[in-house]
Every structure is written in C-alpha cells, then in structure tokens.
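**Student:** Protein chains in written order, with our numbering: chain S, 1 to 306; chain U, 1 to 306; chain W, 1 to 306.
The set of hints was computed from the structure by calculation and includes no laboratory data. Model, not experiment: these values are computed from the prediction. Each statement offered as a hint is correct.
Pairs of lysine to aspartate or glutamate residues, derived as EDC-like cross-links and limited to a Cα-Cα distance of at most 20 Å, are as follows:
1) K32/S x D125/W
2) K44/U x D73/W
3) K32/W x D73/U
4) K44/S x D73/U
5) K289/U x E76/S
Quick list of the computed label-pair ranges, beta carbon to beta carbon:
6) A121/W x K193/S: 32 to 40 Å
7) L22/S x R306/U: 51 to 59 Å
8) L243/W x E198/U: 50 to 58 Å
9) N110/U x E199/W: 43 to 51 Å
10) K252/U x S304/S: 38 to 46 Å
11) T89/U x P280/W: 17 to 25 Å
12) A121/W x G154/S: 28 to 36 Å
13) N18/S x Q33/W: 54 to 62 Å
14) I119/S x K248/U: 23 to 31 Å
15) I119/W x E54/S: 27 to 35 Å
16) E54/S x F235/U: 32 to 40 Å
Coverage of chain S stretches by chain U, computed from C-beta distances (three or more under 8 Å per stretch; other residues unrestricted):
17) 65 to 79
18) 89 to 95
C-beta: ideal position from N, C-alpha, C; glycine also.
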Amino acid sequence: MTLIAKIDHFVSVEDLTNEQILLLLKRASAFKQKDSWLWDSPKKQIFAANLFFENSTRTHNSFYIAQRKLGMDVLELDVKTSSLQKGETLYDTLVTLSALGVNVVVIRSNVKRYWENLINAPIIDCHVVNGGDGSGGHPSQCLLDLMTIQEEFGAFSDLRVAIVGDLIHSRVARSNMQMLTRFGAKIIFSGPKEWHNEEFDHYGQFLPLDDLIDKVDVLMMLRVQHERHNNQQNFSKEEYHKLYGLTKERAKRLQKRAIIMHPAPINRDVEIASVLVESPKSKIVEQMKNGVYARMAILEAVMSSR
Amino acid sequence: MTLIAKIDHFVSVEDLTNEQILLLLKRASAFKQKDSWLWDSPKKQIFAANLFFENSTRTHNSFYIAQRKLGMDVLELDVKTSSLQKGETLYDTLVTLSALGVNVVVIRSNVKRYWENLINAPIIDCHVVNGGDGSGGHPSQCLLDLMTIQEEFGAFSDLRVAIVGDLIHSRVARSNMQMLTRFGAKIIFSGPKEWHNEEFDHYGQFLPLDDLIDKVDVLMMLRVQHERHNNQQNFSKEEYHKLYGLTKERAKRLQKRAIIMHPAPINRDVEIASVLVESPKSKIVEQMKNGVYARMAILEAVMSSR
Amino acid sequence: MTLIAKIDHFVSVEDLTNEQILLLLKRASAFKQKDSWLWDSPKKQIFAANLFFENSTRTHNSFYIAQRKLGMDVLELDVKTSSLQKGETLYDTLVTLSALGVNVVVIRSNVKRYWENLINAPIIDCHVVNGGDGSGGHPSQCLLDLMTIQEEFGAFSDLRVAIVGDLIHSRVARSNMQMLTRFGAKIIFSGPKEWHNEEFDHYGQFLPLDDLIDKVDVLMMLRVQHERHNNQQNFSKEEYHKLYGLTKERAKRLQKRAIIMHPAPINRDVEIASVLVESPKSKIVEQMKNGVYARMAILEAVMSSR
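If we strip away everything but chain S, and leave its shape as in the complex, we get (with noise of 0.2 Å):
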C-alpha cells in the first residue's frame, strides 16, 4: 500500500511533521524513479490554477511540468490582465476559482503568508498550495533541497550546511535552516554582515567562508537578490565574489564528498564561479530535476487530502 501524505493545504514546511515531509520526500523519489504515472487515475478531471505575483521560470515552470505529469488541467492567470486589475481581492478571486470548479492553486505572492484568510474560508473550495510568500517562505523549494540532499547523503543527521549570501531577504534560508536543524543537520552561515541578522543566531554560527568552507558537506549559495535591495548596491559584482563568492581558488579546499547548491536563477561569477555551475560537485541541475517530482509529490498529497 502506498502511503501518501496528506495535506489540506501546502503552505509552510514549519507546519508539517516530520513524518509527513519523509513521506513527501519518499514519494517524490518514487515519482523520479519511474517518471511516470503512479497517482491513481484521477476519476474527474482536477483543474490546477498558477497565480504568480512575481516573476518565476523555475518555480512557475516546474508546477506546471508536475501538474501536467499528474494529467492535471492548467489555467494559467495572466495576473496583469484578470480582474485583479479591477481591484478585486485575492479572497475574491479564489472565491471566483473555488466557483469554477478549480480544485488547487498554486500562488506566489510578495505578502507573507497571504493564505491565512483563504484556507478557511468555507465558500472557497480549493486546496492551496505556497509558490513562495515574500521574504516568507518557499516550502516547494525546501523540499526538493531536502530531497537533493538526502538524495546524496542518505540521511540528514550531523551533516555540515553552510548557508551563504543574502540571508535576509532569502525566503529559502530561513525554511532550509529550520527544516535541517530538525532533521539534525549542523547550520553555519556566511556572507555579508548586513545581510545576516539576530535572527539566524539560534540556528548557527556567522562566519567568514574561509573559515567553513573545507569543512562542509553541503555549500548552499544564495541569490543576491538585486530586485529586493532598494538602496544601491554596496558591493561590485567582483568584489561580491572575491568576499562571499564561491571562487574556484575556493572550491578547491571543499571536502571530497561536499556539494553545491543553489536555488537559482544564479548570477554567474557573483555568487559562483560560472565554470562551476556544471562541475560535478554542482548539484544545481539535479535540484531543478527534483524540484518537478518534489511538487508532483506536493500536489498528490493536497489532492488526497480529501
């Protein structure tokens, strides 16, 4: 007997037991290994709409690829041409989708946890599921790191994560680091120190990248997020690498079994050296893999949640 997850809504990995995140890891790998239909035949079709407020190829892309695969129908909303142009509310517009017979939807959104008003509400009928909140959360992305990482290591107790970069403004640091510490991972970070703060303390350490960086078994670089930094950069690209960047003078001091991660898009030569990207300690191809069978595994376990 297959044993899914399930789960009204997909909104934050903080909220789910860890029981319920090995059963979603278990079941994206099932998906992977045979990357084909293991679901149950829907009986009726299931109509999934993507709402995305900010700009996304991977994420967006990625739920649409796992929807597909599930033999999902797609309504795309073009955000800039629906009524909520008019005005209307997202309460509202999901009201209007949950009415049209969309069972689930995906949503990105630069409000933290905009979801709190809609999973409630008895008019609307639709599972949600988190493309992203703001500097919220981004618990799709989340799991399918957990799961690239567990891919590689078998286990998650005692490895060395290192978490580098823009840190506060990174939705994917804050669910990775709690995500890890546990499952019983080690969490250091890195980076400049006007993008760290208090709150990562009680998480881990600060520290230069030349300090950690041969003793990790994970490296996770962030994305500087130029969209999110309002006043002008206080870093050239250049400087930006030599200081928090993984160089490749950098790269040689890793550990034999560590690897690279980043949730991309990545600025090349800033936060990696581009020859990097595609060298085999790189696992930044194989998270875009996983991210489709990740989120087929999320939207099987909101779609058998009822």
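Chain S is fixed; fit chains U and W onto it per the hints.
**Tutor:** Leaving out everything else, chains U and W in the frame of chain S:
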C-alpha cells in the same frame, strides 16, 4: 434523443428564438447535474481560441474551463504580443486562426457588434462566440443569469426583477431586461438617475431602491464600472452604498423567497454590504458556477451547427 | 516504411541536405492529407516549450497547433514575466528547461544565430527549433513556402520566382532565394532600391516590378517591416503601393498559372491591393494552412533524431 440548439455563431441573445434559449438552458442544467461528459466525443481535435481585448477573470476562465471540460484544445491569444500589435485587424487575425485550423473563437472586445464583418466572410471558417462587446451585449452572462433564476423559481413568468445601478454602462442590464421581458418577467430599474436614460423606459419603471426592495423576487445589482467612467466619480463609496446599494438594513426588507444576484467582480460595501455576499439569499457564487455550464452549452451548440 | 528526416536541431534550412528538405516536405503533405495522427504515439509525454522574444501570431500559434496535433504538452514561456527579466541568459533558461524535462524548444529571437552556444552544450538536452532569428533566417517559413510552391507546380525546376519588397530586413527573402536556387528555380528581385543590396546579386537580377510581372510563376511579396525601420518612412502607403505593390492593374498582367504569396501579416493596399488577398491566384491562406503541417514535420523530425 438529445436536443441541442444549433447556432452558427453565438453573438447576441436577442437574435435567438425562445426555443433556442430554453434548449441551451436545458442543456446547461444537464451538464451541471452530471458534471461529466455528456457530449458525443468529437472524432477529431477541436481547437478553440480565446481573444480577450479587455480584462476579465470570470468570463475568460469560465470559457477556458468549459472548453477543457468539452475536451477542446485551447489557444490563448495574448493580445499584447500578437500581430494585432503590428496593426493587424481583427478580420485578418480571424483569417489566420481559421487557416490554422481553429474551429471556434471566443472574443471580448470593446467594439460594439465587432463580429459583423467576421461571421459572413467566406474565408473565415470559425464559429464566433461573443464574450462581451463593449457596452453592447454580454450574451453568455445573460444565459447564466437566466439559468440561475430558472433554477430558483422554475419559470420566469410574472417574476419581479429589479436591475439596480450602473445601467447605461452595463452589457448585462440590456440583455437581461430584454430576455426576461420576453419570458414574461416584470422589470424595475433603480440606481443613480445619471446612469439611467429613456432607453430603459420601454422595459420598466425607474424607482428608488427603498420603494421596490420589499416587492421583488430577484435583485440584480450591477457593478459600478469605475474603468468606464471617464469623468471623476460623483459619489464616494459610502454615499453610493447608502443611496443605491444593498445595505444590511435594506436586505432585511427583502421577501423571504427573494434572491440577490451580481455579475461580479463585486465592489464590496459599494453595491452590496460585504457580509451579504456570502449570505443564503445571495446566488452570486451559483451564478459563477452556472457560467461554466452555460458556456459548455453555448460551445456545444456552435460546434453542433454544422 | 515511413521515411522521416532525422534532424537534431532545426535551426537553418541552409544546413539541411536536399534530401532532408524533400523528406520534410513529403511528410508535411502526408500530415495535411490525413490531418490526423500519423506519428507513432509517443510512449511518454513530450514537453515542448515556446520562447518568443518577438511578437508573432502566425508562427507562434502555428507551432502551438502543430505541437498539440502531435500530442505534445506545451509550456508557453511568458518572456516578460520569466526570470529572463532577472537578467538570466538564454543559455541558463535552456539549462533550466532541459532540467525540468522539456524535450523541444521553439525560439524566436532578434539575435542572429542565437542557438550557437545552445546546441553543443552537454548540459542542455533539448532540441532547438528556430522560429526566426532577427534578420537572419526563418527556416520554418521557408519550408512552408516551398511546400506551397511544390503543391502548385509539382517541382521547382525552372520556375521563375520574384521576391519583391523589403529585402534587406527579410528573413524570408534570404532563406527562400537560397533554397529555391538550390532546387533549380530562377530568382528575380524587385522593390525599392534602398532595400536591396549587393548580397542579392548572386541569386538574381533586380528589376522594376512592371518589367517582370507578366513573366513570373510565383510572385512573393514581402511585408514592409515598419517596426524594423528606425528612420522615418521614405514612402507613404499610397506611394509604396503605386511604385512597388501588387496593384489591381499589375495583377491583370500576371500569367494564368502565376500565384501570389505573402508571409503575412499583410499591410493591405500597401504590398497588395486588399481585394487580391482573397482572389483565386492568392495562396496566402494556403501558406498559413501549410505552416501547421510543415511545423508538424519539423517537430517530428527533431523528436525522431534520437
């Protein structure tokens, strides 16, 4: 044997016979009851194209879902990136779509009766379905409104229907007043005097909302179409609500069997007090649901015409 | 046994052998005759992605319909909301699409030979199909033009083909003159002298339209590409039509068997008198029809290459 209205182009309800309308309504109800494939599977792929020159969530997505429920392939034309931007006319766009093998085109445009040179062109072999033509008509909305009223009351004869609000800018008001009159209902109008003109006198009286509220079976509130009012708004939201809106106080005076309708999107606390939107008398969500089935019936009717 | 041209990437017709082109044309005709599934149903889902950096109705929609007729799943990349807006390169976008499991990517770009670093990258596992590269080539248009001429005349040998108009900005002109020459047709050029240069001399004479009109089998009118002319237009529409366009008077001088072609969108009454567009000699609608079948053959060829 299933009776299906065979309509070459669905462009205005006014051009349909009563029998055609009743057949469409019957078929829409059948789709709703089964929510399944009633239609004889087409032997070959059917391609539908959606061309929306004006923003729309409900109508556009509702047609999309109806198309997919009927197993059609859907071409979404992005009006902003198509050759319409290179100065191509709607006529030449339809020549192209027809040549590419598109069978049915749903168009929303701000040009009244935009279809006139399209439906008689020998070179264009597409069925045209009107998704709204400026302040002209909105026939699929009319059909779903009729469906919602018929579901509630069984028939239209002698029903008292009030249409309230932005009459002169409303595609919905015109089609509904004509069709409901044809089927024996009595129409009353209300709202700001500035948004009413002699065009409506033939169909019914114009009365203050407080004079009719306890006498109607159906209260159709129209959306204040801010985007069509060029001159500055004459009313604040609060004023409009107090003078012409369905306030909580007015709602208490409604007959027991009375229903509240609105084509949506709603300006909450303008046309209707927000809490009333999800109240038992409100059929607004039901209207949206019925929209999918009404549009399935329309698409089936045009595809069955040849 | 069905012969299918196996082409890894369809980027320029100039790189194809005559045999490959003739196989593609044969296969396109077969698709047209049956308008049905000729292709061996793929065992697994095929994902196609469309990336159009320039406006297009015909090419884009034609590829989409071809993809759907072949049963492919289609990912429409909205260039304006994708991570390309965050500064991501085309290379990295294709790395992503490849990782997500996309099998074939159709790209239209204004960058000449944009595919050069894409098709040899070991990390990118997508077939590239060129939907037009700036003023470079437009190979699928060339194939549909060849198909239309072949349908009409059976062969290309000794056909007299005039290519008229905006030669220097035309992707179509270059590919067509080369391929038609290769297959034995005779090319003649016409149009404004400013839009002609020595590049074309190798392929044929440059003559006034009135000197060639009664001697050609195929009259290919090119679109005046207003959006590519930076400096102000040298001609009014009326002047252009009178001097270089196919007027009603000129059309009377065409040979009985001559056909009129145009890649569309047409500037009516500029390149061609509006009434002639739908006249019996005009194969413009047929070109659009053939576009779908030519693109089915192209997509089949790249998917059959491995």
